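Colleague: Spelled out, the chains give:
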Amino acid sequence: MWAFSFATPFIDSLFTNPMSKNWKHAIVIGASGGIGEALVYELAKQGVSVGLIARRKDELARVASEAQKLLKGTHASDSRPTVKFLTFVHDVTHYSEVPALFQEITKQLGGLDLVIYNSGIMPLVAPDEFNFEKDKSIIDVNVLGAFAWLNEAAMRFKNAGSGTIVGISSIAGERGRRGMPAYMTSKAALTTYLESLRNRLSQFGVKVVTIKPGVIDTPMSKDSPNKLWLYSPEDAAREIINAAHRGVTVKYVPWKWRMVSFVLHCLPSFIFRRLNF
Amino acid sequence: MSVLPIDHLELTEGWGGSVSAFGYVYRPNTIQGLREVFDLARQSNRHITFRGSARSYGDAAIGAENIILDTSRMNRILNWDPVSGIITVEPGVTIEQIWQYIIEDGWWPPVVPGTMYPTIGGCLGMNIHGKNNFKAGPIGDHVLSFDIMLPSGEIKTATPDTDSELFYSAISGFGMFGVFTSITMKMKKVHSGLLHVKAWTTKNLHELFEIYEKHIPSSDYLVGWVDCISSEEKLGRSIIHQANYFADGEDHNTAQTLRVSKQMLPDSILGIFPKSLVWILLYPFTNNLGMKFINWLRIFVSKLPIIGKPMYEQSHAEFAFLLDYVPGWKKSYGKGGLIQYQSFVPKEHAEKVFRKQIEMCQEAGMPSYLGVFKQHKPDKFLFTHAVDGFSLALDFKVTPQNREKLWDLCYKMNDLVLANGGRFYFAKDATLRPQDFRAFLGEETVKKFQELKKKYDPENIIQTELLRRLT
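Read top to bottom, the protein sequences are chains A and B.
If you count the first sequence from 1, position 212 lands on 227 in the numbering used here, and the numbers rise without skipping.
If you count the second sequence from 1, position 445 lands on 491 in the numbering used here, and the numbers rise without skipping.
Keep in mind that the hints were calculated from the coordinates and are not lab data.
Fair warning: there could be bad hints in the mix.
[Stated by the list, open to error] Sample of chain A residues at the chain B side, in silico, Cβ under 7 Å:
{"hint": "1", "residue": "Ala169"}
{"hint": "2", "residue": "Met170"}
{"hint": "3", "residue": "Asn174"}
Quick caveat: nothing in here was measured; it's all calculated off a predicted structure.
Ideal Cβ positions, reconstructed from N, Cα and C, are used throughout, including at glycine.
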């Protein structure tokens, strides 16, 4: 069955519209650094208004002002003469704030076409560490935060009959390796959640895109010992937005990870448990 | 801030389909319901946009993420007096409802647009005109009084004599001051369900003006269809249609001709091909070459001796509602939709301006696929589009590729129209810029608009994308 995984990009291209959608409004959750920051810049280049969400106020303001500089003049025929970058300070674990904040952002943006959930934490875990609090904090941000935000997006897009949801998962969720069990679990959970969301929403014209980045050169991966195929966030952001435009189902960034994923899935447990990575 | 139920979220489009936005749509059917929608807007800290049948081509009934107050369920005919011809209706009543209700008593709405589906509330907001504007004026001239609910919840009654300021600004005020709750109008007595129709084919734009002006005094309705694709000496060749009412006693069969069933537009061509599918046949022709052929065909058929029928009789509905002839015809323009560019130019400059407009479109490679020509007369309404002159309405197909070019073309045409003292029409508009808005209304009227807005809607709660674009 995993042989099909190679074919999915081609099958996807049969069913997706290659023409870019004319997006006007997007929300990026986790926009103050790393991939999220690069995504905001990429959207800015395309003239999309963005609602930026993160905990760090100063960083958000910096990203918003950088994005403003990237903005090219838009044409009045766009009916979006003012492209805006609105910042909202929010901790994704404050789940009860989400519904009201979500509506406030869509109101201030004047619409919504795209939601990207990019928030995620990856604290290092020592080989002999089994820390419940740490593991819970990972799930709170990486999984429950995604549920809180993407459920709102799903409800809106389902009613609207259009929209694109992008979840930044990870190749870490492919299989449970030795290091960072909770992080890998969180990404596996997010991947499954996104797939389920896709199956629920595709009949209503909503696209759900799962992104599985490898190692991206961001503050998050700074301390990580594994630097295989280190990829720049700018390149990653470009590929992610591209994939979102095309509405592909699963996108590995860079694409090479699709092969690794294939091999990983083929490994039987008696070999896999002996591998030290 | 309270969270609005997501199931009220709907995509709202302008009729042309080239602009759209999401909004939270509410359809109250009582006056108390209207009040509750205003309260909801306040509680959720949002703006309100009024929407009826959403027949405005552009963004007049769109408000991104606003509360959309849709009046289409306020559609009761409150009173009808077949002796005096005075009717009182709720704002969501459509032109279709009215004419079907009154025609058997021998009455017809004094002013109707080219389609029967707009609501009366919307018609007043835009102060619409018909093919008899040169004679009958806009619809506002036939309104005796109306009740309007201001955002405060207060209901005011206005007539041309009492509270004339509100009367002459709410009619033509594109729904910026309040929502009509009831409207009283005088209908037009007709002595037959039929009209005498005559047609002339003209060789070019100059001849169009000549023949049109010659027949104005003897016409009840007069409208020109203009071929905007032909150029040089054939530029602006057209077909003019005139319609006149029957005199009293001329029709001996009024019981028959005044029946609704006799008025109805046929739903098939030659009794076989369903009209609801005609747009599919038109689809391959909505390009420069295809429309050139269609326009040629129209002119050719109009010149044929018997089929061309220069004189015939037609029912009121058949003559008035040309746009309803091919249901869903706008779908033939494709997913990008269409815009209609209509400019109103004083008599003395009209021919020059329209010739230049047609040439500009052709030079830009975007000739208009449908041109409609009418005469107008000035009226007293504050934000009126009418001039002592003529208007030319041009339909353009919008595609992702031509959108910017098309808007640029319209901006250039705006400059041309303004330089010649012309005006614009909010029901059609999608391409006016703030400076055009100020220029055609004049600084004084714009100032008056702001004063009235402050007076009737001090919280500035009523907003549309049209308003946001123009101010």
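Colleague: All hints, please: hold or fail.
Modeller: Taking the hints in turn, this is what the structure says about them:
1. Ala169: violated (10 Å)
2. Met170: holds (5 Å)
3. Asn174: Status holds, d = 5 Å.
Comparing the model with each earlier hint shows a violation of hint 1 alone; every other hint is respected.
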